[in-house]
Amino acid sequence: MFSERFIQYIKYEKRYSAHTVTAYQSDLDQFMLFLNNPGNADPAPEPEITHPSQISYHHIRNWMVELIDQKMLARSVNRKMATLRKYFKFLLQEGVIETNPASRIQSQKIPKSLPVVVEGDRLTEMLDSDEIFSADFEGRRDKLIIEMLFGTGMRLAELLGVKEQDVNLHDGVVKVLGKRNKERIIPVNTELKNLLKEYIDLKKNQNFDNNSFTLIVTNKGAGAYPAMIYLIVQKYLSNISTQSKRSPHVLRHTFATTLLNKGADLNSIKELLGHANLSATQIYTHNSVERLKSIYKLAHPKA
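2 is the number of the first residue of the sequence shown in the numbering used here; add one for each residue after it.
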């Protein structure tokens with residue numbers, strides 16, 4: 002159904018990240034499965050779809066309705082619809098179809114929610130403790146994961162992609178490859194720099210068979226993977242937080258919120274986070290406003 006050509010296009014011409022390419026492929030596979038699943042068909046069965054030109058607005062709309070009925074989050078539904086819009090736009094440009102059946106699909110309204118964060122002071126206290134993290138390779142690696150996410154604000158995918166050669170201990174910076182393959186340089190604090198040096202030395206002494214140059218590795222020396230990072234973050238954040246959401250992205254939110262509360266300007270935070278535009282960064286101002294409201298209620302006699 003021409004999806005392979007589209008995937009090659011976003012992978013090699015648009016240079017989307019591997020994570021994004023996988024998400025697009027999954028969305029398209031799910032849509033094609035829906036189209037050819039008799040159980041999802043209307044009472045009057047439709048002929049099997051063998052060409053994209055046979056797909057109409059109603060097919061896409063019906064899939065959207067089914068996703069909503071399955072209680073899928075509005076953000077996830079919108080992402081899948083965005084995949085279809087981009088896919089059919091590509092087919093239109095290629096001359097495969099004459100009209101884009103997804104162009105009329107409107108995104109669902111997403112309720113605004115504040116970024117979930119953990120208390121920066123408690124997180125710092127945990128990282129400074131000598132009792133939480135062991136001094137062996139595994140303990141230093143786990144601490145480095147938390148320190149990197151909280152100390153740089155990088156995304157999970159960016160952390161997994163960091164190579165040893167991307168770490169410049171002399172200048173105190175680390176290079177990451179963000180969305181759309183955009184590189185950015187993030188400064189690291191002195192404590193994190195020292196921890197990086199200690200970890201890299203320990204990693205070399207492990208004599209792993211594969212000699213991986215990936216910075217974060219498993220106990221056997223293989224490259225780290227998302228589920229591993231999630232488990233490690235959840236394990237240590239459970240020491241300081243009872244909230245249900247304890248993901249790597251919470252540490253990214255905490256990084257940005259902490260900087261804003263300490264007086265950093267939004268443009269600087271935007272560059273550190275690798276946001277494409279300032280509107281994505283402005284969501285952190287809401288947390289700061291809520292914090293100010295809380296302080297006002299506690300401190301002002303008229304509150």
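Hints are not guaranteed to be accurate.
[Unchecked claim] In silico EDC-like links for lysine to aspartate or glutamate, alpha-carbon gap of 16 Å or less:
{"#": "1", "residue 1": "Lys164", "residue 2": "Glu192"}
{"#": "2", "residue 1": "Lys198", "residue 2": "Asp266"}
{"#": "3", "residue 1": "Lys87", "residue 2": "Asp202"}
{"#": "4", "residue 1": "Lys90", "residue 2": "Glu5"}
{"#": "5", "residue 1": "Lys180", "residue 2": "Glu5"}
{"#": "6", "residue 1": "Lys194", "residue 2": "Glu165"}
{"#": "7", "residue 1": "Lys183", "residue 2": "Asp202"}
{"#": "8", "residue 1": "Lys194", "residue 2": "Asp167"}
{"#": "9", "residue 1": "Lys198", "residue 2": "Glu126"}
[Claimed, not checked] Computed Cβ-Cβ distance ranges for the label pairs, DEER-style:
{"#": "10", "residue 1": "Leu74", "residue 2": "Lys198", "range": "24 to 32 Å"}
{"#": "11", "residue 1": "Pro227", "residue 2": "Leu74", "range": "35 to 43 Å"}
{"#": "12", "residue 1": "Ser54", "residue 2": "Asn190", "range": "50 to 58 Å"}
{"#": "13", "residue 1": "Lys180", "residue 2": "Lys246", "range": "15 to 23 Å"}
{"#": "14", "residue 1": "Asn268", "residue 2": "Ile50", "range": "53 to 61 Å"}
{"#": "15", "residue 1": "Thr219", "residue 2": "Lys90", "range": "36 to 44 Å"}
{"#": "16", "residue 1": "His287", "residue 2": "Lys90", "range": "31 to 39 Å"}
{"#": "17", "residue 1": "Leu267", "residue 2": "Lys246", "range": "43 to 51 Å"}
{"#": "18", "residue 1": "Asn208", "residue 2": "Ser77", "range": "42 to 50 Å"}
{"#": "19", "residue 1": "Ala265", "residue 2": "Lys90", "range": "34 to 42 Å"}
{"#": "20", "residue 1": "Leu232", "residue 2": "Asp202", "range": "35 to 43 Å"}
{"#": "21", "residue 1": "Ile111", "residue 2": "Lys183", "range": "54 to 62 Å"}
Honestly, the hints are just simulated from the structure, not real lab data. Cβ atoms here follow ideal geometry from the backbone N, Cα and C, with glycine treated the same way.
Structure-based check of all given hints:
Distance restraint check for Lys164 and Glu192: the Cα-Cα separation of roughly 19 Å exceeds the 16 Å cut-off, and the hinted pair is therefore not satisfied. A threshold of 16 Å between alpha carbons decides the hint, and for Lys198 with Asp266 the separation of about 30 Å lies outside it, so the pair is violated. Pair hint Lys87 plus Asp202 does not hold up; C-alpha atoms about 46 Å apart against a cutoff of 16 Å. A hinted pair counts as satisfied when its Cα atoms are at most 16 Å apart, and Lys90 with Glu5 qualifies at roughly 15 Å.
This hinted pair does not check out: Lys180 and Glu5 have alpha carbons roughly 22 Å apart, beyond 16 Å. Restraint check for Lys194 and Glu165: satisfied, since their Cα atoms lie roughly 13 Å apart, inside the 16 Å limit. Of the pairs offered as hints, the one joining Lys183 and Asp202 is violated, with about 29 Å between alpha carbons and a cut-off of 16 Å exceeded. About 13 Å separates the Cα atoms of Lys194 and Asp167, which keeps this hinted pair within 16 Å; it holds.
Taking the CA atoms of Lys198 and Glu126, the gap is near 21 Å; set against the 16 Å cutoff, the hint is violated. Range check, Leu74 to Lys198: about 41 Å between beta-carbon atoms, so the 24 to 32 Å window is missed. A C-beta distance of roughly 19 Å is found between Pro227 and Leu74, which places it outside the suggested range of 35 to 43 Å. Evaluation of the 50 to 58 Å hint for Ser54 and Asn190 yields a pass: the beta carbon distance comes to about 56 Å.
A beta carbon spacing of about 22 Å between Lys180 and Lys246 agrees with the range 15 to 23 Å that was offered as a hint. Restraint check, Asn268 to Ile50: a C-beta distance of roughly 48 Å breaks the suggested window 53 to 61 Å. Between Thr219 and Lys90, the C-beta spacing of about 40 Å keeps the proposed range 36 to 44 Å intact. Checked against the given bound of 31 to 39 Å, the beta carbons of His287 and Lys90, roughly 33 Å apart, stay inside it.
A C-beta distance of roughly 24 Å is found between Leu267 and Lys246, which places it outside the suggested range of 43 to 51 Å. Separation of Asn208 from Ser77 is about 43 Å and conforms to the stated range, judged on CB atoms against 42 to 50 Å. Checked against the hint of 34 to 42 Å, the pair Ala265 and Lys90 passes, with Cβ atoms roughly 38 Å apart. In this structure the hint that Leu232 and Asp202 lie 35 to 43 Å apart at CB is violated, the actual value being about 25 Å.
A beta carbon spacing of about 25 Å between Ile111 and Lys183 contradicts the range 54 to 62 Å that was offered as a hint.
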